[in-house]
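Novice: Quick mapping for you: the protein sequence lines, in order, are chains A and B. When we follow the working numbering, the leftmost residue of the first sequence carries the number 1, and every step to the right adds one. When we follow the working numbering, the leftmost residue of the second sequence carries the number 232, and every step to the right adds one.
Don't take every hint at face value.
Stated by the list, open to error - Okay, the calculated bits of chain A under chain B, using three or more residues with CB under 8 Å as the criterion:
(1) 48–57
(2) 66–78
(3) 81–87
(4) 120–134
(5) 170–183
Keep in mind that the hints were calculated from the coordinates and are not lab data. Every value quoted in this text rests on a predicted model; they were computed, and no experiment measured them. Backbone N, C-alpha and C define an ideal beta-carbon position, used for all residues, glycine too.
2 protein chains.
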Amino acid sequence: MIKVIAFDADDTLWVNEPFFREAEEKFAELLEDFMPQHSSLKELYRTEIENLYMYGYGIKGFMLSMIETAMRISDRKIPLIFIDKIIQIGREMLEKPVELLPGVEEVLKELNGDYRIVLATKGDLLDQERKLKKSGLADHFHHIEVMSEKKEADFKKLIRHLDIAADEFLMMGNSLKSDILPVLNLGGFGIHIPFHITWEHETIEHEIIHERFFHVNKISDSVKLIRDLDQ
Amino acid sequence: MIKVIAFDADDTLWVNEPFFREAEEKFAELLEDFMPQHSSLKELYRTEIENLYMYGYGIKGFMLSMIETAMRISDRKIPLIFIDKIIQIGREMLEKPVELLPGVEEVLKELNGDYRIVLATKGDLLDQERKLKKSGLADHFHHIEVMSEKKEADFKKLIRHLDIAADEFLMMGNSLKSDILPVLNLGGFGIHIPFHITWEHETIEHEIIHERFFHVNKISDSVKLIRDLDQ
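Just chain A, with the same shape it has in the complex (with noise of 0.2 Å):
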């Protein structure tokens, strides 16, 4: 009997791997002139990268990898007008609308009331408290954890907190690597939504076959699958 479903929320609920996209391709046009755009992109991917430990994920440390970024490409040559402009791009995605997925609400309110309903996402508290305030969707939830990382370590405190047993949770989520397989292992159910574009970071070479784990196409496609599995 699964009692808590968890959703991701970044290209689960709403868009957000593009407006990173978009961002990103700002940075690159704004340096072109010290290297070339895929260039400066690897070079951005790799600060933030190094950066994760320290930063985390969120707008914020990507905001920072980018003005290191610059000031390392550029050899520090940059104008300094440059450094507004990266702040200006990272301001810009803190104030982007949310544009929610489709069949998100439906899915929502068909689910609620019939189990726990949680936000489980690694993203920043306040972007994400924002993000869910603007969405409307606020009531379906019963709280945000948020987690800073999503590794098995965390979804067996996630779990732990909840106070229910690893197989009476349900994640579902758009990364495999993040969602969906740290869960199968702990003996919790996955759910795989893709969404058409994935970080780099979050994707995994392998294909995943699990007598827990279960793929749609589109969200509004796991409610039957839910209901199904819980008979």
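Could you slot chain B onto chain A? The hints should help.
Specialist: Same frame as chain A, now just chain B:
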């Protein structure tokens, strides 16, 4: 009967504000050629408060605010290397060792088992997890509650999430404004433990007189107080 005791983290369990002061001083020194130190500190504070709604609390937002302030007060004339130096100031803050305040560990040991003990902080989740890990105190806490703000509505959500009544909740912390007042207003208990430095944004002007409000000079005095309260 008190069921949950929540501890604030920064400047209640471990040293924090002095590191911000240290960083602010380095920042003001760096910009001395452009503005007298006390003025640039004021400008920095203004930027932080203006950005709070967007960046929230924590070191990454502070870093971005330092960069923005430096750009503004120098009229975009600082040497680019100053941006590196500011980022360095922030990174050093992120990598600071954890300095436990006296008595903290004993109090947690003493209370643990009799109460559910949580960490309630509005810092950045990743930072606070890192500090908790470094502190060696993690085993004493049931879990971390990261709050984007510590206003009444936020504590209300927290208490609901903990599944207890407000008068079963006791909060301990160094900020009257953030740790104590909202909790008293909701019907919970508050114990104030002063710290020698308080961020301007966290200060209040008036005295608190309330039947569920208590003040101790040092954290180790809180155990007897709680035992007496809880009879």
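Novice: Give a verdict on every hint.
Specialist: Hint check results:
With 3 residues having a Cβ less than 8 Å from any Cβ of chain B, the segment 48–57 of chain A passes the three-residue criterion, so the hint holds. Here's how the segment 66–78 of chain A fares: 6 of its residues keep a CB closer than 8 Å to some CB of chain B, so the rule of at least three is met and the hint holds. A stretch counts as covered by a chain when three or more of its residues have a beta carbon under 8 Å from one of that chain; for the segment 81–87 of chain A and chain B the count is 4, and the coverage holds. For a cut-off of 8 Å, the count of residues in the segment 120–134 of chain A with a CB near a CB of chain B stands at 4, and the three-residue condition holds.
Counting residues of the segment 170–183 of chain A whose CB lies closer than 8 Å to any CB of chain B gives 0, which falls below the minimum of 3, so the coverage claim is violated.
In summary, the one numbered hint that this structure violates is 5.
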